[in-house]
Amino acid sequence: MLILALPVSILGAPGAHAQVAGRVSIDSQYRSRGYQITESSPVVTATISYDHSSGVYAGAVVIAGVQGSEIGVAGYEANIGYAARLTRALSIEAGVQRTAYARRSGGPLGLRYTELYAGLTFRAITARVYYSPDYLRPGRNTLYTEVDGSVRLLPRLNFNAHLGALSDLGTPPPFTARTRIDWRATISQSLGPFEIYTSLSGRGSGADYYARSKGRAVATVGAAFAF
Amino acid sequence: MIWRWILALLAVPLLLSDTAPAKEVDAPGTAADAMRSSQVLIMLRLPPLHLRGGATYSGSYGDAASQAARRRIANGIARRYGMRVSESWPMPLLGVDCFALDLPPGLSVDQAIALLSRDKAVLWAQPVQTYEGRGGVPPAANDPLYLAQPAARAWSLSILHRYVTGRGVRVAVIDSKIELTHPDLAGQFSVDADFVGGTVPLAERHGTGVAGVIAAKANNGLGVAGVAPAARLMALRACWETSTGARPTLCSTLSLARAIEFAIDHDAQIINLSLTGPPDALLDKLLDVALTRGISVVAAYDGAAPKGGFPASKPGVIAVADESLQTWPATVYGAPGRDIPTTEPGGKWYIVNGSSYAAAHVAGLIALVREQRGSARMRIALRPNGRIIDACATLVSTSSSCDCDCAIRLAQKTRGKS
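Heads up: the protein sequence lines correspond to chains R and D, in order. In the working numbering, each number is its position in the first sequence, counted from 1, plus 99. In the working numbering, each number is its position in the second sequence, counted from 1, plus 1.
Calculated from the structure, these hints are not laboratory results. A portion of the hints provided could be inaccurate.
[What the hints assert, rightly or not] Using C-beta positions, here's what the derived DEER-type ranges look like:
no.	chain 1	residue 1	chain 2	residue 2	range
1	R	Arg-187	D	Asp-111	29 to 37 Å
2	D	Asp-111	R	Ser-127	48 to 56 Å
3	R	Ser-127	D	Arg-85	32 to 40 Å
4	R	Leu-290	D	Arg-85	17 to 25 Å
5	R	Leu-185	D	Asp-268	50 to 58 Å
6	R	Ala-322	D	Leu-95	26 to 34 Å
7	D	Gly-169	R	Ala-188	41 to 49 Å
8	R	Ala-193	D	Arg-119	29 to 37 Å
9	R	Arg-255	D	Asn-221	41 to 49 Å
10	D	Leu-95	R	Pro-273	47 to 55 Å
11	R	Ala-193	D	Leu-95	20 to 28 Å
[Stated by the list, open to error] Stretch by stretch, here's where chain D covers chain R in the computed footprint (C-beta under 8 Å, at least three residues):
no.	stretch
12	121-131
13	147-154
14	173-182
15	189-196
Just so you know, even glycine gets a beta-carbon here, dropped at the ideal spot from N, CA and C.
Starting from the given sequences, assemble the full structure and let the hints guide the process.
Here's what the structure looks like:
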């Protein structure tokens with residue numbers, strides 16, 4: 100929980116040079132990189148992000164789900180990084196992200212990894228690579244590469260496509276392909292500070308511990324409030 | 002225990018958000034909507050897109066959460082100064098998010114910009130400016146009575162007005178009560194003062210007519226166009242209309258002296274005295290002061306009076322006669338003074354005659370020259386055949402090969418205007 104306290108204290112008294120943004124969402128599932136992360140469904144996500152005028156930014160996400168009759172933390176993500184514009188349309192960023200998920204809401208956050216990442220954004224397309232020395236277990240080096248693009252279909256209707264590939268740099272775990280592909284397509288409609296969206300996400304071959312359906316593509320819906 | 006964390010996180014929006022509901026981000030309005038003089042623009046920093054976490058985050062272009070944050074900041078800034086966010090649109094290519102703020106009544110654009118620029122969240126603040134198409138200016142003024150004005154043809158007034166309009170030149174009209182609210186005169190005055198005393202009437206004919214000749218608004222679709230429609234008039238009432246017989250306009254030494262002193266004190270650049278009378282020591286001394294300070298003094302010539310009447314006879318004063326008269330001395334200038342359409346009290350117009358109005362023409366012409374040259378040094382050009390003023394030649398160099406229109410175009414090019 101220490102990681103969580105850090106971004107909260109940064110925003111304690113936001114300087115006039117910083118922008119603090121927040122977002123709360125409820126989703127039918129929490130899916131990351133093509134996988135349902137926890138058993139819990141639905142999940143509530145709260146995100147805080149902090150942008151300093153120097154280009155330094157930080158963010159934290161807390162995911163909570165219902166388990167039985169209790170609401171429990173299902174995971175968190177926290178990152179800190181730096182972003183800068185190179186030209187009017189091109190920007191770069193680099194940072195570090197810590198991710199931890201629980202197999203059950205309220206349970207131990209056993210699925211953990213730290214990643215160093217770097218990315219390039221050109222207009223509405225972003226490409227990022229993440230290197231982790233401890234992906235889900237110590238010593239497992241992985242490289243996750245993703246490309247993300249958005250296009251505005253109507254003034255308030257947005258389409259986002261995501262493609263990612265997770266590669267084991269060393270020997271992959273048993274029954275796991277060296278490179279696993281994941282993809283997601285999302286359509287979102289914004290209504291003032293609210294947003295509703297539906298996604299279709301899927302993955303390449305590989306066991307999905309939490310999959311409810313046998314198929315590889317899963318549809319999710321969600322709604323978010325930004326402030 | 003978990004509950005507390007969840008509640009704490011959900012409470013964060015309450016801590017951060019304004020009490021006012023977040024304003025919906027509208028699609029950009031039409032250009033006409035933006036061109037309201039009671040609006041200013043502020044630019045907030047638009048951070049470059051970057052990882053924000055939360056795998057379910059759609060990552061929509063424009064980044065809804067950070068947009069909401071800037072909307073919140075803009076609303077807070079607006080409320081602090083009594084303004085209101087009317088529209089916003091992000092400009093990622095510039096790295097800014099632009100917000101248009103409506104100003105409350107009583108707050109000027111300059112004041113608003115000064116206030117907003119102090120806020121550290123604001124990258125810069127600026128007014129909403131107006132731009133006009135360069136489709137070309139129609140040659141004729143659209144004042145309906147313009148073509149009836151002798152100065153229209155004789156002085157090529159509309160051609161001159163492409164180049165100069167007497168902008169900002171201060172002309173003191175020392176005369177009877179001018180109708181300041183006349184539709185063809187409203188807004189042309191920087192001063193309204195009375196030096197006669199007693200009950201001040203709403204308007205009197207002589208002063209209103211003289212003011213109209215000098216600076217009636219041009220291109221307002223009404224009435225006439227003054228010789229210097231952008232001049233700033235000082236309405237100084239030192240004369241009054243009598244109610245007997247032909248109702249002449251009369252002025253006294255005392256009222257004139259007070260008015261002339263006021264005009265000098267308040268930095269008039271031109272004093273128009275469309276009146277005549279006997280030589281006067283007090284007025285003579287005051288006019289000496291005016292002339293020494295570089296103020297142009299214009300007076301009406303009276304053919305029936307010895308030496309043309311005072312102050313026209315005073316050396317240094319520009320004496321003007323109605324050019325339709327038979328003859329006048331070599332030291333006197335001729336200007337249009339017959340069948341002059343001008344403003345009449347009651348929001349009307351009528352035709353007048355007299356050297357008063359000829360003098361008014363010259364006062365306007367001097368205002369044009371002052372705008373052009375910025376100084377009192379001038380040479381009034383005359384037509385070859387007689388002592389009638391050539392207004393165009395007074396301003397620019399004309400010749401047989403380059404007439405007024407041609408000379409004005411050259412002058413505009415030289416000045417950098419097109």
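Which hints, by number, does the structure contradict? Those not satisfied: there are none.
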